[in-house]
Amino acid sequence: MSDQQFYHALKVDKDLCYGCTHCMNVCPTDAIRIRDGVASIRKNWCVDCGECMKACPVDAFYVEQDDFEKIFNYKHRVAILPSVFIGQFSKHIKECDIIDVLKGLGFTHVVPAEATVDVINESMLEGLKSDRDKPMISAFCPSIVRLIQVRFPGLVNNIIPVKPPIDSTALYYRELLQEEGKSFDEIGVFYVTPCASKIATVKSPVGDEMSNVDGVINMDFLYNKVYHVLKTRSETTDVCQETVPYLSPKGLNWSLTDGEASHMAGRCLAIDEIHNVISFLEKVENDEIINVDFLELRACDESCAGGVLLTENRFLTVERLKNRADRIASSGKYVLNISDSHKQLIRDNIDVGSIEPRSMMVLDEDMGIALKKMERVRRMMCYLPGIDCGACGAPSCESLAKDIVRKESHLSNCVFVQRMMEKTKKLDPQHSIRIIEKTWGKDRLEKDCKKKGAKNESF
Amino acid sequence: MEFSYEVEGGNFAKAGNAASGVKKVLKQLNVDPKIIKRIVVALYEGEVNVVAHAYKGNVLVDIDTNRIYIKIVDEGPGIPDIDLAMQVGYSTASAMVREMGFGAGMGLPNMKRNADIIDITSKVGEGTVVELTTKLTS
Numbered sequence: 001m002s003d004q005q006f007y008h009a010l011k012v013d014k015d016l017c018y019g020c021t022h023c024m025n026v027c028p029t030d031a032i033r034i035r036d037g038v039a040s041i042r043k044n045w046c047v048d049c050g051e052c053m054k055a056c057p058v059d060a061f062y063v064e065q066d067d068f069e070k071i072f073n074y075k076h077r078v079a080i081l082p083s084v085f086i087g088q089f090s091k092h093i094k095e096c097d098i099i100d101v102l103k104g105l106g107f108t109h110v111v112p113a114e115a116t117v118d119v120i121n122e123s124m125l126e127g128l129k130s131d132r133d134k135p136m137i138s139a140f141c142p143s144i145v146r147l148i149q150v151r152f153p154g155l156v157n158n159i160i161p162v163k164p165p166i167d168s169t170a171l172y173y174r175e176l177l178q179e180e181g182k183s184f185d186e187i188g189v190f191y192v193t194p195c196a197s198k199i200a201t202v203k204s205p206v207g208d209e210m211s212n213v214d215g216v217i218n219m220d221f222l223y224n225k226v227y228h229v230l231k232t233r234s235e236t237t238d239v240c241q242e243t244v245p246y247l248s249p250k251g252l253n254w255s256l257t258d259g260e261a262s263h264m265a266g267r268c269l270a271i272d273e274i275h276n277v278i279s280f281l282e283k284v285e286n287d288e289i290i291n292v293d294f295l296e297l298r299a300c301d302e303s304c305a306g307g308v309l310l311t312e313n314r315f316l317t318v319e320r321l322k323n324r325a326d327r328i329a330s331s332g333k334y335v336l337n338i339s340d341s342h343k344q345l346i347r348d349n350i351d352v353g354s355i356e357p358r359s360m361m362v363l364d365e366d367m368g369i370a371l372k373k374m375e376r377v378r379r380m381m382c383y384l385p386g387i388d389c390g391a392c393g394a395p396s397c398e399s400l401a402k403d404i405v406r407k408e409s410h411l412s413n414c415v416f417v418q419r420m421m422e423k424t425k426k427l428d429p430q431h432s433i434r435i436i437e438k439t440w441g442k443d444r445l446e447k448d449c450k451k452k453g454a455k456n457e458s459f
Numbered sequence: 001m002e003f004s005y006e007v008e009g010g011n012f013a014k015a016g017n018a019a020s021g022v023k024k025v026l027k028q029l030n031v032d033p034k035i036i037k038r039i040v041v042a043l044y045e046g047e048v049n050v051v052a053h054a055y056k057g058n059v060l061v062d063i064d065t066n067r068i069y070i071k072i073v074d075e076g077p078g079i080p081d082i083d084l085a086m087q088v089g090y091s092t093a094s095a096m097v098r099e100m101g102f103g104a105g106m107g108l109p110n111m112k113r114n115a116d117i118i119d120i121t122s123k124v125g126e127g128t129v130v131e132l133t134t135k136l137t138s
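As you go down the protein sequences, you meet chains A and B in turn. Take the first sequence: its position 272, counting from 1, is numbered 272 in UniProt numbering, and each next residue is one higher. Take the second sequence: its position 81, counting from 1, is numbered 81 in UniProt numbering, and each next residue is one higher.
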């Protein structure tokens, strides 16, 4: 188990958060606690899936991004654009229009994130032939890789150690530009991210040390900018000429559900949405799943089309991308022009490196101590109410008990235990109030008509 | 530390509850994932056996720092010939059970392979007791 802190792009705005517990209750790794009236995320437990952000009623979660102006620090400004960005626009808006607008905003090059999927696919098929445990699992979704590290440490060796397309594509285009004579320092590669987890990989890759990406722009931020230009430009604006589609049908679909599984060998399954993935991985771990060769697992419902930073409805995005892919497939007009030497370059840098287990479930490294702690947890559960109300600031009675044995909380944080302690005169009622205020913030018990749903909300 | 789980005969949807519960405990105790897997596979097979063949059963688990002891007790038809039942491929499972993907005659042999010690006692017409012991450290 490593003490290393992992970079997380998900942050809580302490002014907006009012500790409503929605995020704490949906977090699939129990990584959130309420302290001083606001949500706090345990860095080593969080897998960046973004469920908290989706559940927040007041938009208190945000994804930290680089300042857009940062792109102008570079002479050559490359936007790595995932296909789901394009999929958010209706079919009446051409790819070349979107790219022209992006160039107008300041990028000198716009390249599809999935440009290198063919090379990746080949390496994944190669990886599938290894004699490692089946089913093998794609490393495409960084949240899934982290989920396996913290909750399913026994399955880390099932992950195919092939990097997702962003890294390979960034490397490939950087190389292309350098071959054109542009200097390394003048090239800035910016990834337009659909979610919080992809940023985390760019800022602290799981295995690999270096990333080829210089900065990250949130997809919703860029979508708003592009959409604004498209909506407000005059009718007389030059219509762009669609030349050759910039991405193959396979590349367009790669980040969608079944995008990978439909191109792998043997018996393949595609599972999206993190809770679905968790219940399936439980079965894989029990050896209940037999004769399956490959698993494509994605944290978001509808995969990247359901990314937390997408603006458009995910089902429409999927439909539009599939239609685009079908149109391109039937036209037969798309180019796959990665040279053999570039393919070799990508292959040479495609390995994720070692993905270490870092279980967050362990109560103690020492089994004897862990056993004693678990016995304590089970004894405490006799007294805790078992209703998982969250009033202690932990997602369930069991997590409170585990926090207590980890010395991160106290039994008196439970409001039920407080009543019993007051009844037996072990706790002064004034002290109870102070305990509650410590979890929920000062004045939290006061009347407040401005809170969400109260009569003066938004006044 | 002791745990007890009920197993309902005929309900395949719930087969694996005890295995999942034990797995969660062992993960928290920092047991090597490879050892956890052996234990969970053996217990899951045992649960499926109870669901497929018996009317009802109980799984009793005792864990200390050295070993895990699992006792699977069922009320069921019993096993007339244990040696035969231990043979790979031998199965008395009904056609319905086989259709659900179980009944390949791998259950008991798989349990034997994944436990350090296995003891089986059975009375025809009454039920079967399977005891599994596995060391928690390698």
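No wet-lab data here; the hints were simulated from the structure. Every residue gets a Cβ at the ideal spot worked out from N, C-alpha and C, and that includes glycine. Please note: incorrect hints may appear among the correct ones.
[What the hints assert, rightly or not] Only pairs whose alpha carbons sit at most 25 Å apart, straight line, appear in this in silico SDA-like list of lysine to any residue:
no., chain 1, residue 1, chain 2, residue 2
1, B, K135, A, C268
2, B, K37, A, K343
3, A, K343, A, K231
4, B, K34, A, S279
5, A, K426, A, I355
6, B, K37, A, R444
7, B, K135, A, M360
8, A, K43, B, K135
9, A, K283, B, K56
10, A, K283, B, S122
11, B, K14, A, M361
12, A, K134, B, N110
13, A, K129, B, K34
14, B, K71, B, T137
15, A, K134, A, I289
16, A, K14, A, P357
17, A, K322, A, M360
18, A, K450, A, C389
19, A, K438, A, E398
20, A, K94, A, M361
21, A, K407, A, A391
22, B, K24, A, P28
23, B, K24, A, I289
[Said to hold, decoys possible] What the simulated footprint calls covered on chain A by chain B, stretch by stretch (three residues with Cβ under 8 Å from a Cβ of chain B suffice, anywhere in the stretch; the number is not a length):
no., stretch
24, 286 to 294
25, 365 to 376
A quick look at each hint next to the structure:
1. K135/B x C268/A: 35 Å, violated
2. K37/B x K343/A: 39 Å, violated
3. K343/A x K231/A: The given pair, whose Cα atoms are some 40 Å apart, is violated under the 25 Å limit.
4. K34/B x S279/A: 20 Å, holds
5. K426/A x I355/A: Measuring from Cα to Cα gives roughly 49 Å; hence the hint is violated.
6. K37/B x R444/A: 47 Å, violated
7. K135/B x M360/A: 23 Å, holds
8. K43/A x K135/B: 34 Å, violated
9. K283/A x K56/B: At roughly 23 Å apart (the allowed maximum being 25 Å), K56/B and K283/A satisfy the hint.
10. K283/A x S122/B: 29 Å, violated
11. K14/B x M361/A: Given that 25 Å is the threshold and the Cα spacing comes to 24 Å, the pair holds.
12. K134/A x N110/B: Holds, because 18 Å separates the two Cα atoms, which is no more than 25 Å.
13. K129/A x K34/B: 22 Å, holds
14. K71/B x T137/B: With Cα atoms ~20 Å apart, K71/B and T137/B stay inside 25 Å; holds.
15. K134/A x I289/A: At roughly 9 Å apart (the allowed maximum being 25 Å), I289/A and K134/A satisfy the hint.
16. K14/A x P357/A: 32 Å, violated
17. K322/A x M360/A: 39 Å, violated
18. K450/A x C389/A: Holds, because 23 Å separates the two Cα atoms, which is no more than 25 Å.
19. K438/A x E398/A: Satisfied, since the Cα-Cα distance of roughly 20 Å is no more than 25 Å.
20. K94/A x M361/A: Roughly 49 Å between the alpha carbons, so the hint for K94/A and M361/A is violated.
21. K407/A x A391/A: 18 Å, holds
22. K24/B x P28/A: Holds: K24/B and P28/A sit about 15 Å apart, inside 25 Å.
23. K24/B x I289/A: Cα-Cα ~18 Å, so holds.
24. 286 to 294: Answer holds; 3 residues pass the 8 Å Cβ test.
25. 365 to 376: Held - the stretch 365 to 376 of chain A has 8 residues with a Cβ nearer than 8 Å to chain B, which meets the minimum of three.
Hint violations for this structure: numbers 1, 2, 3, 5, 6, 8, 10, 16, 17, 20, all remaining hints satisfied.
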